[in-house]
Each structure stands twice: as structure tokens, then as C-alpha cells.
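If you want the building blocks of each chain, they are given just below.
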Amino acid sequence: MKNTIKINRTIQGLSQEQLAKAVEVSRQTINAIENNKYFPSLELGLKLSQILKCSVNELFSLD
Amino acid sequence: MKTYLLPSKFLVPSGIIFYASVLLGVLLIVLPDLAQTLSIELTVPNLLWKDADNLLVEKSFWIKNNMIDELLTLLLVGSGLIHLFSKERQEDELIMQLRFHAMKWSYLLNFTVLAIGSLFVYGLPYFNVMLFCLFSQLVCYHLVFRIFVLQHLRK
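Just so you know, the protein sequences line up as chains X and P, in that order.
First residue of the first sequence? That's 1 in my numbering, and the numbers climb one at a time after it.
First residue of the second sequence? That's 64 in my numbering, and the numbers climb one at a time after it.
Just so you know, the hints here were simulated from the structure itself, not pulled from any lab data.
As the structure is a prediction and not an experimental result, all values here were calculated from the model.
Just to be clear, a hint being listed does not mean it is correct.
Dumping the calculated EDC-like pairs for lysine to aspartate or glutamate here, alpha-carbon to alpha-carbon at most 20 Å [what the hints assert, rightly or not]:
no.: 1; chain 1: X; residue 1: Lys6; chain 2: X; residue 2: Glu58
no.: 2; chain 1: X; residue 1: Lys37; chain 2: X; residue 2: Glu17
no.: 3; chain 1: P; residue 1: Lys218; chain 2: X; residue 2: Glu34
no.: 4; chain 1: X; residue 1: Lys6; chain 2: X; residue 2: Glu24
no.: 5; chain 1: X; residue 1: Lys21; chain 2: P; residue 2: Glu151
no.: 6; chain 1: X; residue 1: Lys47; chain 2: X; residue 2: Glu58
no.: 7; chain 1: P; residue 1: Lys127; chain 2: P; residue 2: Asp96
no.: 8; chain 1: X; residue 1: Lys6; chain 2: X; residue 2: Asp63
no.: 9; chain 1: P; residue 1: Lys218; chain 2: X; residue 2: Glu17
no.: 10; chain 1: P; residue 1: Lys218; chain 2: X; residue 2: Glu24
no.: 11; chain 1: X; residue 1: Lys37; chain 2: X; residue 2: Glu24
no.: 12; chain 1: X; residue 1: Lys6; chain 2: X; residue 2: Glu17
no.: 13; chain 1: X; residue 1: Lys21; chain 2: X; residue 2: Glu34
no.: 14; chain 1: X; residue 1: Lys37; chain 2: P; residue 2: Glu154
no.: 15; chain 1: X; residue 1: Lys21; chain 2: P; residue 2: Glu156
no.: 16; chain 1: X; residue 1: Lys2; chain 2: X; residue 2: Asp63
no.: 17; chain 1: X; residue 1: Lys47; chain 2: X; residue 2: Glu24
no.: 18; chain 1: P; residue 1: Lys150; chain 2: X; residue 2: Glu24
no.: 19; chain 1: X; residue 1: Lys37; chain 2: P; residue 2: Glu156
no.: 20; chain 1: X; residue 1: Lys47; chain 2: P; residue 2: Glu154
no.: 21; chain 1: P; residue 1: Lys72; chain 2: P; residue 2: Glu151
no.: 22; chain 1: X; residue 1: Lys21; chain 2: X; residue 2: Glu43
no.: 23; chain 1: X; residue 1: Lys2; chain 2: P; residue 2: Glu156
no.: 24; chain 1: X; residue 1: Lys47; chain 2: P; residue 2: Glu156
no.: 25; chain 1: P; residue 1: Lys218; chain 2: P; residue 2: Glu154
no.: 26; chain 1: X; residue 1: Lys21; chain 2: P; residue 2: Glu154
no.: 27; chain 1: X; residue 1: Lys47; chain 2: X; residue 2: Glu17
no.: 28; chain 1: X; residue 1: Lys37; chain 2: X; residue 2: Glu58
Whenever a hint applies, use it, and build me the whole structure from the sequences.
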């Protein structure tokens, strides 16, 4: 699974720290998700899509 | 995400008690005389007294026993479980996944040691293998989980 979180985060002008705070996880977790080291739960995926103002399908896609 | 964990304020005190009791436990094994020095002798009920082996423990319901190892076991298990179920300072779903991975590795390591012990240790020394395996899972879990968390926080 790949994701476009880094791109969408940059578009929204958010740092990893700010995004982490908004979705109530650690900055390291955001970093792990962006680098495909960790696949988030559905709940976190939905929170990310809400903050980054795009659909879950735009954020995550299968390889 | 709803988790059934204790507040993070328990993490450090329970960790200190846990590692101190592990250290004291190791010292009691290495230095058997220490148990006599720290003796807390009490009269306690021996529930399976009919099955008791006369060589190891007297065959009666009420027995006199040095409770230092029993108290240390309770301290180690109690503090270990509180430490295990306390939230990290930044608890999130990735930390929960690390908990699961640490549990998986501690199971594997513990039962590998037990399997090797079962194959190569016989007689009364096998009791030491069982004693080791009784606590190694808890200790292993804590060590592996701490390594995983430190690796995660370094990134």
C-alpha cells in the first residue's frame, strides 16, 4: 500500500508535528506512515483524510 | 482509540520496582545466603500438603517458611504487570502494535528456551529451567518492548 500523505501535508502547509497533534498521534508515527513503515487503522486514516481535506482513496492506494 | 491501559504516571515507579525486584531475584539465586540474611519467617498454610515431598517441605497443613522469595515473586509480577499495562508518554496505535510485536517475540524466545531446556536439561536442574521460564516471558517482553519503543522514537 502506498500513500500521498507527505504531498497532501505539504499542500496544506502542515509539518509532521502539527499533523501528528491534529490526529492525536506522535510525530514518529506520522513519519512511519509517510515512509510506508506502518499502515494506519481505518480510524486514523479517516482522521488524516479529514485534516488533509481529501478522500481516503486519494490518500491511500494499493501498489 | 479506546485502550484499557493504566495512566502513564504508573510507568516509571512500577518500572523501578520491577527492575529492582528482578535484580534482587537474580542476587537471591546467585547468593543463596542472602535469603537467610533477609529472612521473613512466617507460619503459612500449605494447601497441597498431602502431595508434599518430605525432602522439600514438611508434610503438614501449617508450615514455617521463609517468605522472602514468595514476597519477591508477588512484587515482581505485580510491578511487572502494572509496568506492562501503563500507557507510554505518547501512546498511540503504533505503540499498541509495538506491544503486540514485543509480546510475540517474548513468547517465541521464552518457549525456545523452554524447548532447548526440555531437550538438554534433565533431573532436578530442570526445575531451574522452569523457574527461569516462569519469569523470563515478563522480563523479555519488557526488554523487547523498550528496544522497539526506543527505535521508534529515534526516527
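So, going through the hints one by one against the coordinates:
no. : hint                   : in the structure
1   : Lys6(X) to Glu58(X)    : holds (12 Å)
2   : Lys37(X) to Glu17(X)   : holds (18 Å)
3   : Lys218(P) to Glu34(X)  : holds (12 Å)
4   : Lys6(X) to Glu24(X)    : holds (17 Å)
5   : Lys21(X) to Glu151(P)  : holds (16 Å)
6   : Lys47(X) to Glu58(X)   : holds (14 Å)
7   : Lys127(P) to Asp96(P)  : holds (18 Å)
8   : Lys6(X) to Asp63(X)    : holds (17 Å)
9   : Lys218(P) to Glu17(X)  : holds (13 Å)
10  : Lys218(P) to Glu24(X)  : holds (18 Å)
11  : Lys37(X) to Glu24(X)   : holds (19 Å)
12  : Lys6(X) to Glu17(X)    : holds (12 Å)
13  : Lys21(X) to Glu34(X)   : holds (16 Å)
14  : Lys37(X) to Glu154(P)  : holds (18 Å)
15  : Lys21(X) to Glu156(P)  : holds (14 Å)
16  : Lys2(X) to Asp63(X)    : holds (6 Å)
17  : Lys47(X) to Glu24(X)   : holds (9 Å)
18  : Lys150(P) to Glu24(X)  : holds (14 Å)
19  : Lys37(X) to Glu156(P)  : holds (13 Å)
20  : Lys47(X) to Glu154(P)  : holds (17 Å)
21  : Lys72(P) to Glu151(P)  : holds (9 Å)
22  : Lys21(X) to Glu43(X)   : holds (15 Å)
23  : Lys2(X) to Glu156(P)   : holds (19 Å)
24  : Lys47(X) to Glu156(P)  : holds (13 Å)
25  : Lys218(P) to Glu154(P) : holds (16 Å)
26  : Lys21(X) to Glu154(P)  : holds (12 Å)
27  : Lys47(X) to Glu17(X)   : holds (15 Å)
28  : Lys37(X) to Glu58(X)   : holds (19 Å)
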